[in-house]
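Enquirer: Listed here are the chains, written in short residue letters.
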Amino acid sequence: MTDTTTDRTEPPGDPFDRDDLPSPPGATAALLRSLLSTHRARVAFAALVILVKEGAIQAGPLLVAYAIDRGVPAFRAGDHGPVVAVALGYLLCAALAGALQYVFVRGAARVNQDVLLDLRGRIFRHAQVLSVDFHERYTSGRLISRSTTDVESLQELLSEGLQELIGVVLSFVSISLILLWLDLGIGAVAIASFLPLHLLVRLYQRRAGAVYAERSTAIAGVIVKFAETMNGIRPVRAFRREEVNDKDFATLNHRHERSNGDALLEMARYVVGSRLVANTAVAGMCLWGAYRVASGSLELGVLAAAVLYMRRLYDPIDRLGMFLNSYESAAASLTKIAGLLAQEPGVPETKAPKELPARSGTPGREVTFDKVSFAYRTGGEILPAFDLTIPPGQTVAVVGATGAGKSTLAKLLARFYDPTDGAVRLDGVDLRDLATPELRRGVVMVTQEAFLFSGTVAENIAIGNPDASRQEIEAAARAIGAHEFIENLPDGYDTDVRKRGGRISAGQRQLVAFARALLADPAVLILDEATSSLDVPGERAVQRAMDTVLAGRTAVVIAHRLSTVEVADRVLVMEAGRIVEDGTPSDLITHEGRYAGLHQAWRESLVS
Amino acid sequence: MPEIPVAPEPPAPAAAPDRSAVRALLRLWPYVRPVRRRLFTAAFVAVVASCLSLVIPLVLKWLVDGPVADRDPGGVWLGALYLLLLGITEAVLFGFRRWLVARPLAGVEARMRADLYGRLQRLPIAFHDRWASGQLLSRGTTDLMLVRMFLAFPLTFLLVNGVTILAGYVLLLAQDWSLGLVLLTPVIPLVIVCSVFEGRYGAVARRAQDQVGDLTTVVEESVLGIRIVKGFGRHRSQALAFRDLASTLRGTELAKARLLAMIWAVITVVPELAIGAALVLGTVQVADGDLSAGTLVAFLSTAMALRWPVESIGFLLAMSQEAATATERYFEVMDADEEPDAPARSATPAEGPGGVRFEGVSFRYPDAPQDAPPVLDGIDLHIRPGETLALVGGTGSGKTTLTALVPRLHEASAGRILLDGEDIALMERDRLRSLVSMAFEEPTLFSASVGENVLMGAGHEAGEPELRRALGVAQADGFVDRLPDGTGTQVGEQGLSLSGGQRQRLALARAVVGRPRFLILDDPLSALDVHTEARVEAALREVLRETTALVVAHRPSTVMLADRVALLSRGRIAAVGTHQELLRTSEEYAWLMSGEDKGTEDR
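Line by line, the protein sequences give chains X and U. Numbering that gives the first Met the number 0 puts the first sequence at residues 0 to 607. Numbering that gives the first Met the number 0 puts the second sequence at residues 0 to 602.
Treat the hints with care, since some could be wrong.
[Said to hold, decoys possible] Label-pair ranges, simulated between beta-carbon atoms:
#1 X:ALA249 / U:GLY65: 56 to 62 Å
#2 X:ASP386 / U:ARG544: 46 to 52 Å
#3 X:LEU194 / U:THR294: 40 to 46 Å
#4 U:ARG257 / X:PRO356: 51 to 57 Å
#5 X:LEU183 / U:VAL162: 57 to 63 Å
#6 U:ARG242 / X:TRP180: 51 to 57 Å
#7 U:ALA173 / X:LEU194: 54 to 60 Å
#8 U:ARG257 / X:LEU194: 42 to 48 Å
#9 X:LEU87 / U:THR294: 21 to 27 Å
#10 U:ILE191 / X:SER33: 42 to 48 Å
Hint data in this document are derived by calculation from the structure and do not stem from the laboratory. Even for Gly, the Cβ is constructed at its ideal location relative to N, Cα and C.
Excised from the complex, chain X in its bound form (with noise of 0.2 Å):
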């Protein structure tokens, strides 16, 4: 799960504060090559009609040669061949330039976009099979980097690194050849120049990677303290933290400022350097040349050629820094895509799935907590080992204190982690031998976050069961007490909830998440504090429901209000991670035991 404290050594922090998860060496080439490499067929056809392009375009000169030596004799001797052939010719190199440019860009597009859309896809189903506590502490603003900005940096290295890296291939391969077919001494010199610009290559590299996986964390960093902001801007209305948000944005906007400039500046330095070398070469093979040519060892129009070619063969090293530039940041932005995708899921699904037995009789499931103990790798909580059976169709409730440990029982129930040790079972099943789907059908966890996501209300009960018809919709929420109020909305049903429910009040989403949760018609139905914003009519309407709707099931209650507890065929009281009272309400409180001191502050609350 989120475990990243691997063997190896690394820099002191959290490598989520510092957001550098670790990858295993060679992860983000790996990560590249299995992104393209079911595209291989398509890059290499759009090699080939760049390739074939490029000739095209090349032919220009040629023809005129040929218009001049061959067309303008043959013009004046009569024969108007020649100069049909000229235009025809480069009519046609013109349209086969202009048709591959147009195939080029559009094939290139195409693998560019399948690959965006396959890492996206990766990202974003991989974020969801990570753990709740993995995203406590990556946040939502870090995933929103990596799958927009970090995606991004990919896309400008896809749309324009093809054909700047094929231009540059091609333009160094082609005219060194030329260079040492016209003289081996020059190209010689040509090919010696290459060194370093070599060396020059790999500094760049080393440094811009260096500058862009700063940026690429610095952005981050932004994008988390805006997203924060945005999402709590009442607090930080009524708190009036506008100022100090100001300046702590400004210090997290001033670190991507400067890696930003930090960027462009290397790139000046890598043009410079390069453009140096170059030019101290086409002068240095000029020279030469000349000289060769003064002792007689070069033919003059020899010389004449190369001193053509060689300012040609340094024509794409800027469009190779360009490549370069991109290829740097794509590839700090792959790492960090890398790092987590490399991050294990904490619960993994199973391979070899599992059917639970059909249902006997009852909708309701038995569970069987079988010697599990757990404890965060984080820290925090920890459960002993115990032994727990619900049978089938037994509303338990649990209290206890904060911390007493029922927030972990009801998240190993709902497979939310796995025990450290022992199993959690559903009618005999390990839930760990379940595929979700099934899973889901067992069980169901209704939490105190009531989130709604964007999108109509209707398609938040729906999440409940996405096959649900709007009459199975609009039972679910009558059944809860819930539909009143959605009625009275500007759309009714469909009314679109925008930015997490803002129009809706705490109240009436832990309303619609209990209608998903009726929607979903789980064996075994767990609430976790699910009812804590309900006034007590709505508290009365879940308990109508779950004596008549979800009647039969087996539910686990976790809820401060007692009334809520009353109504359970079970109590168990929690403390420091253990059980430490196990009966029937009416049994408890005649014992002087914590249930009955509870239930007495309770009654002693309702006062009325």
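Model the placement of chain U on the given structure of chain X, informed by the hints.
Expert: Below, chain U alone, put in the same frame as chain X:
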């Protein structure tokens, strides 16, 4: 119907119908102005460097034709030296141009982002209700990067290449005006094609940017709603919904590529055709003896040298279009009206009695349909100085909205609210919000230490003693001291995650730490267990004694904190009185408090 709903539409109507890219880009001027000297110098340097690049081949030619051909060693050395000097100058100028703009352009991007952030912090809450944060975020990241890239490349090179093309044409016309005219013919169709392209490309680019914003929203929600996704095992359908959206974006990007491919092809082909025509005409002229072969060659090589500047116009225009739509998107937010602040009348004479007084207050969301009933309708309510009033009402009766009006998170649509006789609409927001302290229904902690989170609620003078007292009131001192670094422990999105009850207690501590004159608590004890609740209530009573408070309550235990109770029903105050009075006189109140229907079953 998608299984997990995704942001269905861009939140704002897609920009003005008048898509003038130039007009949009001109709006960048205030940000560019401070760096204009550097930017213009850089453009100038680019032009000079391009000219140098043109001179170097001439020197090469001179070297070969002159000293080398003449076997003049001194001349050769001199020529090589010239070449080296020119080469060094060229290299330095290229680098200089980039150096000139590197920091300033990063600065422009950062300034625009800081302004956006500052603006967003000050826009009305109603604005944030309408806009998904992904759309805001994508404006602050992707869009601003496009703007920076535009300032770095297309802006300069449209200029440089434009100058090069113009100069080239002058040369061409000077060499042979009739052939030059042939090369001029494609200009008009190209201009037309380009302008059509611009408009269409701009529209598609805008769509792509909006879709990136939607995608951002979905990613964010997938994290914020991760417990629901996991609780219902919906990660597959969630991933499918994401894939749908990402596929739509892919489709838009491909449409963009199609347009780009088209314009690129046209810009490649049309000038080539003109060159071809010039070649044929020229050949005929040479054959007829009207033109020398050398002139034709020179003419055509000049024309071919212009190929790259012309071809590049296609993608330079495309990048400019994207920057223009990104700028539009940026200013859509920047143009939204900030919360208007009160006229600078810091102290109005107190009129009438103290405490909090609502006079005929109505509220309807600014974006609500006209026929919708107002959320709050003619609220008259008086909380006496030092009194605690409980606000009770059914789900969705407008309680939270009512509390939001006091610190002016929303503005009352009608009527007025007086704090100690002072109309809040005439108070500076900052002062108002320093008088009124709130604990929200949903306790939000920021990425900061526990201590900082709590002390946010007080002025700068508050320190350790105030912090301890507030933590004590909220019964949070116990668990806070057990945290790894006590009050220095980092919490919030980037820190330790606390349970709902713990967060609620810290939010409560934050509300009371500054001993505010007016205190508003929205269901402050909902997530607490019974024992803790009882202890918090006892401590809270002390605090409430010295402040005027409005407490939203869902259950009798919370109501007992208050001196009196107001019953809110469908946006109106239905009754005010003590708990006991209302239990006797109001059926609705009794029902809300006990959950037991008295005779009439209406649910």
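Enquirer: Hint by hint, note whether the structure agrees.
Expert: Right, here's what the structure says about each hint:
no.: 1; hint: X:ALA249 / U:GLY65: 56 to 62 Å; verdict: holds (60 Å)
no.: 2; hint: X:ASP386 / U:ARG544: 46 to 52 Å; verdict: holds (50 Å)
no.: 3; hint: X:LEU194 / U:THR294: 40 to 46 Å; verdict: holds (43 Å)
no.: 4; hint: U:ARG257 / X:PRO356: 51 to 57 Å; verdict: holds (55 Å)
no.: 5; hint: X:LEU183 / U:VAL162: 57 to 63 Å; verdict: violated (41 Å)
no.: 6; hint: U:ARG242 / X:TRP180: 51 to 57 Å; verdict: holds (53 Å)
no.: 7; hint: U:ALA173 / X:LEU194: 54 to 60 Å; verdict: violated (44 Å)
no.: 8; hint: U:ARG257 / X:LEU194: 42 to 48 Å; verdict: holds (43 Å)
no.: 9; hint: X:LEU87 / U:THR294: 21 to 27 Å; verdict: holds (24 Å)
no.: 10; hint: U:ILE191 / X:SER33: 42 to 48 Å; verdict: holds (45 Å)
Checked against the numbered hints above, the structure violates hints 5 and 7; every other hint is satisfied.
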